[in-house]
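**Q** Residue-level listing of the chains:
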Amino acid sequence: MAENITTDEIALKPKDFSSSQDVRWCPGCGDYSILAQIQRVSPEIGVKKENYVWISGIGCSSRFPYYMDTYGMHGIHGRAAAIATGVKIQNPELSVWVATGDGDALSIGGNHFIHACRRNIGIKIILFNNRIYGLTKGQYSPTSEKGKITKSSPYGSIDYPFNPTALAIGSDATFVARSIDRDPKHLKEMISRAGSHAGTAFIEVYQNCNIFNDGAFSPLTDKNTKADNVLVLENNKPMVFGKENDKGVILDGFTPRVVDLTDSKYSLDDLWVHNEHDIHASRAHILSQFPEFEGLPTPIGIFRHIDKPTYEHDLHQQLKDVIAKEGEGNLKDLLFSGNTWEVN
Amino acid sequence: MKKGIQELSEVTVRFAGDSGDGMQLTGTQFSNTSALAGNDVSTLPDYPAEIRAPIGTTYGVSGFQLHFSDSDIHTPGDSPDILIAMNPASLKVNLKSLKPGATIIVNVNSFDEKNFKLAHYESNPLEDETLRGFHVVEVPLSKLTAEALKDSGLKPKEVARSKNFFALGLMYWLYSRPIEPTINWIETKFKKNQQIVDANKAALEAGYYFGDNTTLFSTRYKVKPAKLPKGTYRSIEGNEVLALGLVAASIKTGLPLFLGSYPITPASTILHELSRHKKYGVKTFQAEDEIAAVTATIGAAFAGALAVTTTSGPGLALKSEAIGLGVMTELPMIIVNVQRGGPSTGLPTKTEQSDLLQAMYGRSGESPVVIISANTPADCFDVSLEAARIATKYMVPVLYMTDGYIANGSEPWRIPAPDQIPDMKVEFRTDPENYQPYSRNENLSRPWAIPGTPGLEHRLGGLEKENITGDVNYDPENHEYMVRLRAEKVKNVENDIPGLKVEGDPDADILVVGWGGTYGAITDAIYSLIEKGKKVAHAHFRYLNPFPKNTEEVLKKYKYILCPELNLGQLSFLIKSRYLIDVDSYTKIQGQPFKSSELEDKIEAVLGGMNNG
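Chains A and B supply the protein sequences, listed in that same order.
Heads up: the first sequence runs through residues 0 to 343, numbered per numbering that gives the first Met the number 0.
Heads up: the second sequence runs through residues 0 to 612, numbered per numbering that gives the first Met the number 0.
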């Protein structure tokens, strides 16, 4: 891809991507981990420092661009994907990233989010999902679970939540992944993979807000429980999880089920083998909905990764095609076209 | 039968029919042909918001008025001399605007009981007293068209669609116009369907020869070419030439043009026009909504485009938060607002000037932008260039105001020589030495450094910035300093724009001030009064923010300031609050432009009052 420039390598380090601004997230916030992994990945994916652009909206996560020593814009609430779209259209050579939150991307910015995915515009959207409004001090968000008690829902929220990964798949995003702030190694790998994807790349990062929603993801991060609750997706591999790798997932028609691998009834050969490049989105969609069903593990990893021409490619290709056919425009032809007449 | 030709100096024609009758097309063709024949032309398309309103109803009537003349004209004419009414409803809607004694050509085949009922006529207006005093010509347009196309192989419904070409042909004959330009147009427009080409040509010719052979008309008319300034001309609509101006600005600034837009009447044709100009490198982005359109525009400006978004009133309201971001990030961008009747959805296809205060104040915080407006359709070319010049020189959003009347109206445009258009080359900052994102030059504008430039990495955003460094800063003194600085930057533009010019009689006691699309009607009224020996003057604001530097000096020379506007007095409000002088606000809010006669009457009444007082 144009943005992956391998010539003129300068050995950049993570600290080269750290701006002079003090990071002002709450101590213990999951955002620190995401920032660290992105700064770690940034020198590694073959993009020149000056070609990175970080765009955000409003919210805790949206302070992100201030902490990256790259080009950036802290935009207005919900509009980061649209601002990023303008940047990418204007200059497809740039590696354009969006830092956003569950409120920013899915509430006020829901429209821009789905349309970015649908267009396959070459931007990377990192959604920091803490399932709460943090910067406005603790109201339920569009990803908060039903019944959640918050400042604005003292008797429990009656909203059904969005599942961001399912929404991205449903909107035809060409790269869809999920990771967790407390799993830096996995997170780094997802960011790296998103970084080299040409179309819209979406990563939902489960991120702990230790002030307003502490422990929202602890079943997925606690040492004692995570192995039994998290399914790490790997391409072409059967879906196995559990402390002793003792559980597997089979797809029975359209119904996913967890099976015990220890009672010799099922073997690895019976399990659902993950194919992230599956052209049909239906299996990825079934996977994305696991967290909504009791007894199924929460998948992390790449749900979907397909190639499709990007919006900016097609847009610039149209310009090239017209110029190849009609020649480059000049001002005289522009002004003097159509029916003209002389007055003497 | 050889008929006499009578020479006229000017004519106002109105074509009217159902919204599916092709009246806009007919009117446009007649205008273009008249312009090609050398007349000065001004047009007023007037159509409903519904695409195909129920047939035969008064609210489904679509009209197209044009004024053509052998001298310089400024308006589409107050009252038509001739109306072509395709059905009773179009007669009913337009009758009251006609000149006394005007000619009315009716398609008599549509005058039946069903259509009388739909138009709320209790009896046949051709037979009762309704049309007394008018010269009525009953033409069986539908039947004659069907007769002319009987061998075309088209179905009756399709044949009926060609009747507007029959009417056009007849009008070409009546006003001694050539039919060739329209024949050429038909051949290009319908080239994929030879049957339709043949049918429309046949209807056009049949209409033309019908004029020659019928006894209904005893005279033909002719309007000689106008004595326009020397040059090459083309007939052009406001939105079209606005778009061409933006492309020219892109070439002259050296910046690729980006348009982020969401379709909205009456601004959409700018998007249509620009999306055709790919060979000029124009990138058009049809966004998912108005907000995405403007924020993508901000993104494109950040990345180094000549960035433009286009909309109309309700869309401007949706963009207001983002324009505030443009003010805070000090990025150059152009926001075109083609005004229409409001509030809310209002009158989508009708004109109004009611967004001036929205443009001025419609954002959170102290959020000044430059506001500039176009006076006539052809004027849009120059204003596009000027908007681009100011936006890029001062690193500021420019709100560019036109209205539905200017956007859809057409007139002959004297094409400027490409090398006469001033160069506005923009240089990005590339030198990392001592680079500070919010440092200032002599215009108080900050450097434009675009992503991809090594060593100039910086962050913009909506949070308050520290001057020079551009770092986020919540310090009270810094905020006040920055608010004042942004205001001063916009105010400084007054040093870089022409002063307010007075037309008419400089020794007058009364000065008529206006802005935007009322230019033509005010100009006509002023010159008509001067011809009558009255002392009147006119000043028209192109720059609404900041006002030209000499504004106060000019206004204070006159005893009486009259300000006609298509709103409830928004420019009056701005002038009064800024200069503390009295302004007589004369307003009209009907979705229609001023007639020059209305303004003339008003000015005369004021003059009468002044003399008596």
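Hints were generated in silico from the structure; no laboratory data involved.
Just so we're clear, the structure is a prediction, and the values are computed from it rather than from any experiment.
Even for Gly, the Cβ is constructed at its ideal location relative to N, Cα and C.
Warning: the hint list may mix true and false statements.
[What the hints assert, rightly or not] Here are the simulated lysine-lysine pairs, DSSO-like style, with alpha carbons at most 30 Å apart: (1) B:424 to A:319; (2) B:142 to B:116; (3) A:319 to B:500; (4) A:324 to B:142; (5) A:331 to B:154; (6) A:319 to B:601; (7) B:278 to A:324; (8) B:601 to B:500; (9) B:188 to A:319; (10) B:601 to B:587; (11) A:324 to B:188; (12) A:47 to B:424; (13) A:331 to B:601; (14) B:188 to B:154; (15) A:48 to B:116; (16) A:150 to A:184; (17) B:251 to A:331; (18) A:331 to B:278; (19) A:324 to B:500; (20) A:12 to A:236; (21) A:319 to B:191; (22) B:587 to A:324; (23) B:251 to A:319.
[To be verified] Non-contacting residues of chain B with respect to chain A, defined by C-beta distances greater than 12 Å in every case (computed): (24) 58; (25) 116; (26) 119; (27) 196; (28) 251; (29) 257; (30) 296; (31) 320; (32) 470; (33) 581.
**Q** Indicate, hint by hint, whether the structure satisfies it.
**A** Hints, verified against the model:
no. : hint           : verdict
1   : B:424 to A:319 : 24 Å, holds
2   : B:142 to B:116 : 22 Å, holds
3   : A:319 to B:500 : 45 Å, violated
4   : A:324 to B:142 : 46 Å, violated
5   : A:331 to B:154 : 44 Å, violated
6   : A:319 to B:601 : 56 Å, violated
7   : B:278 to A:324 : 9 Å, holds
8   : B:601 to B:500 : 22 Å, holds
9   : B:188 to A:319 : 26 Å, holds
10  : B:601 to B:587 : 12 Å, holds
11  : A:324 to B:188 : 21 Å, holds
12  : A:47 to B:424  : 28 Å, holds
13  : A:331 to B:601 : 44 Å, violated
14  : B:188 to B:154 : 20 Å, holds
15  : A:48 to B:116  : 73 Å, violated
16  : A:150 to A:184 : 35 Å, violated
17  : B:251 to A:331 : 12 Å, holds
18  : A:331 to B:278 : 13 Å, holds
19  : A:324 to B:500 : 47 Å, violated
20  : A:12 to A:236  : 33 Å, violated
21  : A:319 to B:191 : 26 Å, holds
22  : B:587 to A:324 : 50 Å, violated
23  : B:251 to A:319 : 21 Å, holds
24  : 58             : 33 Å, holds
25  : 116            : 43 Å, holds
26  : 119            : 41 Å, holds
27  : 196            : 18 Å, holds
28  : 251            : 8 Å, violated
29  : 257            : 6 Å, violated
30  : 296            : 6 Å, violated
31  : 320            : 6 Å, violated
32  : 470            : 7 Å, violated
33  : 581            : 41 Å, holds
Consistency note: the structure conflicts with the earlier hints numbered 3, 4, 5, 6, 13, 15, 16, 19, 20, 22, 28, 29, 30, 31 and 32.
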